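In this note's numbering, the protein residues as written are 166 to 356.
The set of hints was computed from the structure by calculation and includes no laboratory data.
Note that the structure is predicted; figures quoted are calculated from it, not measured.
Treat the hints with caution; some may be incorrect.
[Unchecked claim] For each label pair, taking beta carbons as the anchor points, the in silico distance ranges come out as:
1) 228 to 177: 32 to 38 Å
2) 313 to 226: 32 to 38 Å
3) 328 to 295: 20 to 26 Å
4) 166 to 220: 30 to 36 Å
5) 328 to 255: 22 to 28 Å
6) 270 to 233: 26 to 32 Å
7) 315 to 197: 27 to 33 Å
8) 312 to 244: 34 to 40 Å
9) 313 to 232: 25 to 31 Å
10) 317 to 276: 16 to 22 Å
11) 228 to 300: 16 to 22 Å
12) 220 to 275: 29 to 35 Å
13) 271 to 329: 38 to 44 Å
Beta carbons: idealized from backbone N, C-alpha and C, even for Gly.
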Amino acid sequence: MTPLTRSFFARDAVVLARALVGTFVVVRGEEGVQVARITETEAYRGPTDLACHARVGLTKRTRTMFGPAGHAYVILIYGMYDCFNVVGGAKERGHAVLVRAVEPVTEVVGSTSGPGRLTRALGITRADNDADLTSAKSRVFIAPRTRRPRITITPRVGVAYAGEWALRPWRFSDADSTHVSRPSPKSIGLG
DNA sequence: GACCGGATTATG
DNA sequence: ATAATCCGGTCA
Numbered sequence: 166m167t168p169l170t171r172s173f174f175a176r177d178a179v180v181l182a183r184a185l186v187g188t189f190v191v192v193r194g195e196e197g198v199q200v201a202r203i204t205e206t207e208a209y210r211g212p213t214d215l216a217c218h219a220r221v222g223l224t225k226r227t228r229t230m231f232g233p234a235g236h237a238y239v240i241l242i243y244g245m246y247d248c249f250n251v252v253g254g255a256k257e258r259g260h261a262v263l264v265r266a267v268e269p270v271t272e273v274v275g276s277t278s279g280p281g282r283l284t285r286a287l288g289i290t291r292a293d294n295d296a297d298l299t300s301a302k303s304r305v306f307i308a309p310r311t312r313r314p315r316i317t318i319t320p321r322v323g324v325a326y327a328g329e330w331a332l333r334p335w336r337f338s339d340a341d342s343t344h345v346s347r348p349s350p351k352s353i354g355l356g
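With the hints as extra help, turn the sequences into a complete structure.
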């Protein structure tokens with residue numbers, strides 16, 4: 166599989182999030198290559214988006230987000246789960262897309278529906294933070310989709326603290342895939 | 001240098 | 001419903 170090029174990623178996170186549904190995550194582990202198709206994403210649109218980590222500006226943690234598009238932004242949440250994001254944005258603006266679910270193409274052990282689950286199943290960790298997803302030499306990269314999925318659009322999950330930003334319809338999922346995450350009870354009833 | 005609270009999940 | 005579990009961001 167051939168990785169997508171930089172220009173694919175260097176776009177507004179909302180546009181990129183939608184375009185990433187149906188693309189393939191390729192992970193080159195020690196026991197071979199794992200491939201999974203992205204079925205659910207969320208856009209995080211830079212410093213002005215109060216749900217986005219970039220809202221605090223350029224820090225040690227967010228440095229990757231403000232770097233070049235097409236790199237991986239992997240962070241720890243709740244002390245125990247890694248989240249896999251893809252850096253977007255035309256001008257290193259702190260845009261990123263969270264990958265919330267994938268469906269296995271090759272054999273993958275464990276559930277891949279849910280941001281914390283897919284990283285565990287695919288073996289993606291913070292060690293992969295800042296990896297260049299446009300290079301076939303990277304341990305992790307992303308390859309083009311082979312068909313255009315039907316997309317379901319909903320508000321983002323788990324960002325109720327972000328006020329009106331939590332209502333933005335910036336979550337994109339494959340309408341025909343069963344491999345999507347279940348919204349946490351906390352996020353239900355937002356409006 | 002202490003404290004707070006998550007882009008979640010598993011279990012009761 | 002709630003515990004598990006770490007660290008970045010914030011304030012002192």
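Original post:
Which numbered hints turn out to be false for this structure?
Top reply: 1 and 3
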